[in-house]
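The residues making up each chain are set out below.
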Amino acid sequence: MEQDRDCLIRQLRATLGRMEAALSNISEAIAWTDARGRIQWCNRAFDRLTGQEHIHLLGAEASAALALWRRDVPVPRQQHPVGLALEWKRNVAGHYHIRLGSIRRLLEVKASPLGLEEQQARVVLVIRDMTEQDRAEAQVRDKTATLELLGSIAAAANQRASIEETLQFALHAVCRFTGWPVGHVYLTAGGSAGLDPTTLWHLENPERFAPFRELTEATALLPGRGLPGRVLQSGAPAWIRDVRVDPNFPSARAAAENGIRAGFAFPALVGNEAAAVLEFFDESPREPDEPLLEVMRQIGTQLGRAIERHRAQQEVRRSEELFRNVFHSASVGMGLAEVTGRFVQVNRALCQLLGYREEELLGLSWREVTDPADVASNNAEISRLFGGEAGFVQYEKRYRHKLGHTVWAQVGVSLMHDAGGRPTHTIGQVVDITERKAAELALRKAHEKLEARVRRRTAELVRLNEDLKREIEERRKAETIKDELISTVSHELRTPLTSLRGFAELLLLRRPPPEKQQRFLSIIVQESTRLTDLINDFLDLQRMESGRQVCHFELLDLLPLLNESASVFAEADNSHSFRLTTPASLPLVRGDADRLRQVFRNLVSNAVKFSPHGGGVEIGARQEDAGVTCWVSDAGVGIPVEAVPRLFTKFYRVDNTETRRIGGTGLGLALVKDIIEAHGGRVWAESEFGKGSTFWLSLPAQ
Amino acid sequence: MSNLDIRSIEELRQQEAPVVVVDRNGFIDYVNQAFEQAFGWSAAEIRGQALTLIIPEHLHDAHHLGFSRFLETGRGSLLRRPLGLRARDRQGREFEAEHYIVAERQNGGWVFGALIRPLEGS
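Line order of the protein sequences matches chains A and B. For the first sequence, the positions run 1431 to 2132 when this note's numbering is used. For the second sequence, the positions run 26 to 147 when this note's numbering is used.
Just so you know, the hints here were simulated from the structure itself, not pulled from any lab data. Treat the hints with care, since some could be wrong.
Partner residues are not named here, just some residues of chain A that face chain B (Cβ under 8 Å, in silico) [unchecked claim]:
no., residue
1, I1439
2, R1443
3, L1446
4, L1488
5, A1650
6, A2000
Predicted model only: the values in this text are computed from it and were never measured. The beta-carbon is built from N, C-alpha and C at its ideal position, and this holds for glycine as well.
Given the sequences, and given the hints that come with them, work out the whole structure.
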């Protein structure tokens, strides 16, 4: 019997032992109490959790050994899960905190009643330490909330139209995040280095905080003064545990009366300067929360950026407004065009200049309103811009007004670039110079007219001058000729007259024998004839040269004239043989028959005279090119080469023994030349000294 | 007592303070005269009784579990060091006493001995 009992006991002990070993070593804290709530057993995890000696825990009141808290409020013995489980006889579970010194832990506590009888009743506690999990969750929660806060403020900074709206949003968001009831903004005062209060607030209970608000809104702060002043001065967030004991909180009394205790503030930094300071207040004293201030620092940076961007936007807007005003009110036409040439912005002056409404001009290219004649040169100028050859080009061009007429303009064009330096637009200034152009044109015309007049007058003067010169020259020539003539004529006349007088005196005074008389008389006749010829030739020449001798032109056949000339001489002269070399017919020429007869007579007479030993004389004519060429040649004495060019000069006579013997007036060839030239013809001579001469003349055919 | 170094049941038996020896099942096998005086039971009365007789009610669970765990695993956390534990006498009075517990293998089983010195003033 005893042995059976021992065996049973051993078995029970073995089971118990195993159970104890298992329960002792698991990580959850386990304990149980008796019906009065005193700990009967607990494992090591429970020892650790409570921080007490195992031995001392045994028999200890569970509600005392495991003192629980809900947030900051201790759980009374009756509310302790062990007490509740004993009272209600059912499972109790909940989350509680325990405090070990300054360490707070979150526990999940389950209390389960065991045993129905009053005395045998137990409560089993199973406790899980949630602190780490809670902390991790709290961290995630905090982080999420922080990110949400930062995100929402960043979004507000981007989306809100004004910086005031953004700041207002930030006040609400920070108060929601911290649970603090008061938020307010100071802005840096323009000019002075202090802070001006704004009317931007977050107030959980406006009526309650009204006095504080009133006081704050009436208080501007200098750097270093008050909480915002300190933040302004340092550029960093600041924290006040309790305004009542802060040495630098000017409105501490009013704030305290309104229930304000803790406060913090942070700057919205633009660069290194605070542009605004946000302040927040709570109703309980609070220890500084560095992580919170770090979040606020980030918010301050975001708000600073928003303020900076708002300011920049305002500046851009102001610039843009200014530009638009200048652009539209400018008296100079201005147009902004894409690189394709399409207008994207035009001002009133340009619309007026081109006659288009703004909406008509937008969408057109400048090429479409340019006079087609100027498009190519325009393109070239614009290419210089795009090619980087010039930063600004200026030129005059013609536009085509909507109504079709031409508008002259002086145009200056430059390029606009994007941030990457690529050209995006051309901007042109257009000045209407149509009137100037018209004035220029009128001036040019007047100028041209004047120049033409001057040219005409000059030409006239030149002509007059030349006429005068010619006249002078001619007069001088005439004078020379006259002088020459006078001397020559006087000489030429004196010689025969001297002979006439000499022989006439001989006849009168000496009474020579009849044979001599006969000889003297024939000399006198000969000399008289010569004198007569001389005077006739001279008079003819004078008439020709003075223009008094007018040719009577008619259509002439030269053949009869040549025949006649040859036969006249042939009849009177037996010592020479005359030969006529002519074709059957010749083209008619326009000529004066008497004068041409005189020409041929002179030429044939010369041929006879200068071939004193007889010989052949040829008179010829032939059709040549556009006229008739005639010649008279002899086999006489010929002319020295040097004398040939001067043959047709008045009174020129080849001076040698042969010619001295041969008489002549020295006017015959000059007369020939004058007559032929009066017919539009030409006369020249060819000769070989001692072998004969040929005189040529050509006359234009009709 | 904190500098006690008792290694065997035999050594324990020679102590002048109250001593109790129990078998592997937790039944009392021996008490000395000092024990009889301190707890009020005679050796004959208490021999064969369960040890829980002298243990206050609230420690019974802990005792059973700790005792069983030692038997099962051979590892005890309370052996051979002074322990402040409450004890109970024949009249049911509980008092604070210093305990010093020794375990020893004899004839293939464990034998336990405890020296229990009531603390003055309790």
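Structure versus earlier hints, numbers of those that do not hold, lowest first: 5, 6
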